Amino acid sequence: MQRRVKRTLFSRCLLVSIVVLFVAGLPVGAAADGGGDLPVVKVVYWRSIDDLPLYVGVEKGYFEAAGIKVKLEFIKGEENALAGVIRGDVDAGYISLASLIKLAERKAPIKVVMWMGHAHPGTKCGIHVGAQTGYQSLADVKGMRLASSGSINSKTMLTHALAKGGHTMKDIRALWGGTPDNPMQYEAALRSGGIDGFIV
Amino acid sequence: MLESHGASRILASFHDIVPNWIFAGLYFSQKYIDQHPDNIRKMADGLVKAYNFIATHETEARRFLPKYTNVEEDLCMIAALREYAPIEPMERINQQRDLMVQYGYIKSKISIDHMLDYRFVPQALRQEAN
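The listed protein sequences derive, respectively, from chains A and B. Take the first sequence: its letter number 40 is residue 40 in this note's numbering, and every next letter is one higher. Take the second sequence: its letter number 59 is residue 59 in this note's numbering, and every next letter is one higher.
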């Protein structure tokens, strides 16, 4: 009797585990009902606020109304996404203009079919400094310890910003490779005093 | 977003530094473009509708963010969004490229015309961009 109860419990746990694993393994977009036999387009996303048009397209049913089912696949990093697209593991991804230019030099077999956003007067992406620091303008950044991804986009932006303030890269201490996964990691680095600012 | 926590303040936004800085483009492999042009046209149709929805119903659009991102809902409702245009002016693209060349991050002022394929964007928007 006791053995039968244990066996039943084990079976239920196994069933629940299988269901949980199945649901967790589905790409975002696949869990939604509908879509039927529509062709599936697998698009890389980065769980970013900047991917909002993709989320809206899925949630509002715009892609299905157009005749496709979009599945969002998380692949971290532009290079990994590009490799996935070239291999055919996924169908589409995002690329920065800087990376596109580098690929143009190599005649890579991809094409941008539309752009996914630009800065505007309300943009808050840029050079952020710790609230406790004394940096007030681009003219007084000498000695600043500034973390950035080190991408060509970031470097170009930073170099141009420094030039506007009458400085060069030699006037600050740039820390390349700083690409935290979430905003709270930036906050921790700023509050610890390890860096004075960052580009995000 | 960190400004809202009091951790940081913005010294200069991307727009302050280079107005209308273009962030990213949606790309497909040439093989996919050759094999599935209709899927790409449909994808573009859906995205253009999404762009319009964000422009006209921003608050409603923001409510989708917590489901897909690791960002807290209150931050999702105030974080700055990009402006979306399926076709960016070529002079803006070239200006960014020229800066990259000027500062030594890109070797030459290579044309990227052969890396762009706007024929999937709805015709009205293509005409508007010309």
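To be clear, the hints were calculated from the coordinates, so they are not data collected in a lab. Among the hints, erroneous ones may be present.
Each computed DSBU-like pair below joins lysine-lysine, with the alpha-carbon atoms no more than 35 Å apart [unchecked claim]:
1. B:Lys49 / A:Lys142
2. B:Lys109 / A:Lys69
3. A:Lys170 / B:Lys49
4. A:Lys170 / A:Lys107
5. A:Lys60 / B:Lys107
6. A:Lys107 / B:Lys49
7. B:Lys31 / A:Lys164
8. A:Lys42 / B:Lys109
9. B:Lys31 / A:Lys170
Here's a subset of chain A near chain B, in silico, CB distances under 8 Å, partners left out [what the hints assert, rightly or not]:
10. Gly57
11. Val129
12. Ser149
Remember, predicted model here, so these are calculated numbers, not experimental data. Glycine included, every Cβ here is placed at the ideal spot set by N, Cα and C.
For each hint, the structure was consulted:
1. Between the alpha carbons of B:Lys49 and A:Lys142 the distance comes to roughly 45 Å, so the proposed pair goes past 35 Å and is violated.
2. Taking the CA atoms of B:Lys109 and A:Lys69, the gap is near 38 Å; set against the 35 Å cutoff, the hint is violated.
3. Under the criterion of a C-alpha separation no larger than 35 Å, the hint pairing A:Lys170 with B:Lys49 is inconsistent with the structure, at around 46 Å.
4. With a C-alpha separation of about 34 Å, the suggested pairing of A:Lys170 with A:Lys107 holds against the 35 Å cut-off.
5. Restraint check for A:Lys60 and B:Lys107: not satisfied, since their Cα atoms lie roughly 43 Å apart, outside the 35 Å limit.
6. Note on A:Lys107 and B:Lys49: the hinted pairing holds, with a Cα-Cα distance of about 31 Å set against a maximum of 35 Å.
7. As the CA atoms of B:Lys31 and A:Lys164 are separated by approximately 43 Å, the hinted pair breaks the 35 Å bound.
8. At roughly 33 Å between alpha-carbon atoms, A:Lys42 and B:Lys109 fall within 35 Å of each other, so this suggested pair holds.
9. Annotation: proposed proximity of B:Lys31 to A:Lys170 is violated, straight-line Cα distance about 44 Å (limit 35 Å).
10. Interface restraint check for A:Gly57: the shortest CB-CB distance to chain B comes to about 4 Å, inside 8 Å, so the restraint holds.
11. The interface hint given for A:Val129 holds, since its Cβ lies 5 Å from the closest Cβ of chain B, which is under the 8 Å cut-off.
12. For the restraint placing A:Ser149 at the interface with chain B, the shortest Cβ-Cβ distance is roughly 13 Å, beyond the 8 Å limit, so the hint is violated.
The structure fails to meet hints 1, 2, 3, 5, 7, 9, 12 from the earlier list, while all remaining hints are met.
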